[in-house]
Amino acid sequence: MAPVRTALLAAAAVAFAPGPAEPPVPTPAPAEPTSPPAGIVLPVAGAAYDDDASLPAHAEDVVDYTLRASLDPAAHTIHGEGTITWRNTSTEPVREVWLHLYMNAFKNERSAFFRERVGGRGSAAPEDWGWIDVHRFVVRAPDTVAVDEWPNAERTRPGDDDETDARVPFPRVVAPGETVEFDVSFDEKLPIVVERTGYRGTFHMMGQWFPKIARLERDGRWAHFPFHHLAEFYADYGTYDVTLDVPQGYSIGATGPVVERRFADGRMIERHVQGDIHDFAWTAWDQWMAARETIDGVDVTLLYPRGFSRVAARDMAALRFALPYESSRYGRYPYKVLTVVHPQEDAQEAGGMEYPTLITSAGPWLTPPGALVPEIVTVHELGHQWFYGLVGTNELAWPFLDEGLNQAAEVDAMGKWKGAGSAVDLFGLRLSDAAINAVGSSPRASDEPVAQAADAFTTGGNYGALVYSRTASLVETLRRVYGDDAVGRALGRYARRYRFQHPGPDELLAIVSEVLGERVAATMRRALFEEGWVDYVVEGATAHEAQRAAGIFDIAGKRDRVTPGAREGGGWDNGVLVRRRGTLSFPVDVQMTMADGTTRLERWDGEGTSKRFAWHDAVALESVSVDPDERVLLESTRLNNHAAVMGGERFAWRVLERAAYDVELLLQAVGP
Amino acid sequence: MNDVAPAADLGLLTNDAMRARRHPRAVVALWAWESVLALVASTPVAMLVGATWGTDPEGDGALWRPGALALADLYVRQRPAIEALEGSLLAVLAIDAVLGLVPLGALLVVFCRGARDGRVVGPVRAIGEGLRRFPAMLVLLVVSVVAQAVVLGVGLAAGSIVEAWVHTALGEARAQQVQGLVLLLFAAAVAAVGVVHDLSRAAVVRFEVGGWRATTLGVRAFRHAPWALSWSWAWRAIAGLAPVVAAAAVTGRFGGRAGVALVVVFGLHQAVVLARVALRASWLARALRAVDASLSRAF
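Chains A and B, in that order, give the protein sequences. Quick note: the numbering used here has the first sequence finishing at residue 672, numbered continuously throughout. Quick note: the numbering used here has the second sequence finishing at residue 299, numbered continuously throughout.
Chain A on its own, in the form it takes in the complex (with noise of 0.2 Å):
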């Protein structure tokens, strides 16, 4: 990155004595509405963002690592030393910088992760521990002595053990554009594989490895923050030149292309060099299998172990369809590499993991043809290149904008290449990603809200339910009541306005209200920060003779006698009760079904807590459902989507002919 050399003056008249710590930035309080300060409008991001035309070529350059890291894969420990370069693109002058040591979340239980065991990945405590030590932190600041702050760094808060967010002072204030530059060196162990991290024998997967710097916001607010057991990361956007010294023998997977390679005692040397990215993680490992291939024109290595070879070529199918079908709906993938590193079910914790240019994928090496995990997994860490790589929102705050968009974006994808059985297509069962999403996050809708930060969520169930699979049946909902175009130009458009920048919930409402308008912007909202809920119920389906009304008429001057039951001359009344219950609506259809086997549609605007339809008709009612393409996937329950006109209900033949057969087998395999 070039220094900012224009800052240089204003720096010079501030005072060079290191101010009084910040305090740290807190996290979004639960359900807080995020609209923009008064008077602040947010840009409309317009058509021309739903091509690629718009795409920005670079990101801007705030932070470049020029790193290097040996690996000793015996001790499993790496010694890393290098240089940091850091701009300050806020507004305010800063007096220091803010550190994450996310190693040191396997240091001991006294972590913020280990203390937050909340369910879900790395619940136990590891069988090896890790940590990073810093040794040298320099500052060097333009005319001023370079000078190690680490003696001075705050490693810990009062009453806090936790070591992954540290505070290190300057030697004077940093103005707004101006360059500084860090001579950093460290030592780090890792633990056996936890949380994507870790070694197991002769196996190791580095993420989240060495000391990065925390986000400066706009405003002069570092967002930092300790390792979370359910959050993931924010940075800033730059280069990463960074060269991995191995043994000979150990094969490296690694952020963006190898600009280097050369052997030297033994070891092996190369130098990866990628800009326009926020992260930087590898693996080194003595067993790796490779198969590349050029996909979209990006060439991609896929790593796996020995035996692996079938479900490895799952992920490069996966890929094959995803990589140019994402690429299309959320703009170019702009980086010319794509590493994906399949771990063994040994180091399992390693899987499904995303970094730019890099993700892990998942799954048994016998993993059933019609069990789709590799797929899934694939197109999901995939889909992160989008919404956490090219879209940097920071995970901890706003976890849906990335896990929860990407979800969508898998459901979305496996849906258009795998159809019904896009999760599981096995002895006629044919499961979609979307049921899956959409039943394992209703039960929780009313817990709490889905668009709240990552360490406010109550349980690791709570926090995969609501803001993966909640915000997956969302979008899909709106995709499937409001039209895929519609919903797929709002979500590209969004991807393309805010690549290499850092939205946050205003800007995606703001591009939905822009593509979908206002109504279903609310709803979104109302979904994501009111803990919305929806449940279609049919109440009632009527169909009775048609009657005269009884009583005394006088019809042309003749008195006229109706008994009560009277016949109309024929044919039926109808009459069908549907409710909306909850806080969100969308438009549902109304399916009527006659006793001659016809059916009869209507469209409910969802408007309102309740419809009634009523008609004469020459066929008598037999059955309703309402929503029966299954378009509205946030119900709560389905079970109450239908109802019968009286002795039209159905005895469930075809499930006791089925269940009785596999009863019968059962019998059979364990039987005398």
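Don't read these hints as lab results, they were simulated from the structure. Each hint can be trusted.
Partial selection, computed: residues in chain B whose CB lies under 8 Å from chain A:
| # | residue |
| --- | --- |
| 1 | SER35 |
| 2 | LEU37 |
| 3 | ALA38 |
| 4 | GLY54 |
| 5 | PRO57 |
| 6 | PRO66 |
| 7 | GLY67 |
| 8 | VAL76 |
| 9 | LEU93 |
| 10 | GLY100 |
| 11 | LEU101 |
| 12 | LEU262 |
| 13 | VAL273 |
Quick partial rundown of chain B residues pointing at chain A, CB under 8 Å, derived from the structure:
| # | residue |
| --- | --- |
| 14 | ASP56 |
| 15 | ALA70 |
| 16 | ALA97 |
| 17 | GLY171 |
By construction, the Cβ of each residue, glycine as well, lies at the ideal position given by its N, Cα and C atoms.
The hints should help you fit chain B onto chain A, whose structure is shown.
Same frame as chain A, now just chain B:
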């Protein structure tokens, strides 16, 4: 346990006459027993689905919609009811495992014995004879289940040890394949215990002996011709899978949602079940002939 007193009015058939195909009614009766049990276990499932989806225009067909959203929703929302149904299914399986010994004993009696006047043993008499052999059969069941559990446990442990031993050298996939081979060997041993179990059951009926004595006789019969008997059991077991696979393929294409199609699928499925019952009966008759041939001289 004391030996079972011989039924004086029932004579022993010749070895060659101990054939399942000579007693189709008995085979059908065993199929009927299984069908009734299956109906008992399945009717509550159908009633649950009828109560939840019976008013949908598609009825229970909704559960087969592409994507299986309705099925998944039912599974999640009716979880307590489904757990209760799973419990009742387990109860039916347990009842069959124990009470099923009576029709099994009856079947074996029909296969190997006949009235002195040459008539086939009638159903009531056969059930009575089955009841008479129930205690011995129960002992055999316990012995066999314990033996199979021990073999399986040792196999699982051995498989894990071998997998851990070769994991680093061979990699996870190959190591698990080796583990699978080890498990396969022990699965074969479990199957062999099952074969001995059936031979012992045959011995209970053929020689009118108690459970412990029958176990000894079953082992002796197996040792007399282990490969021939194992193959005799195995080909029938493998042949029994073929109609299941074929029916699954046909049903998958045919659908069988309702009406005539559903009746056809029902007929197909029951033909499969009956064919498997016949294969099982054929093997039991073979077991009778085996113990008769190898052990007659000992008595």
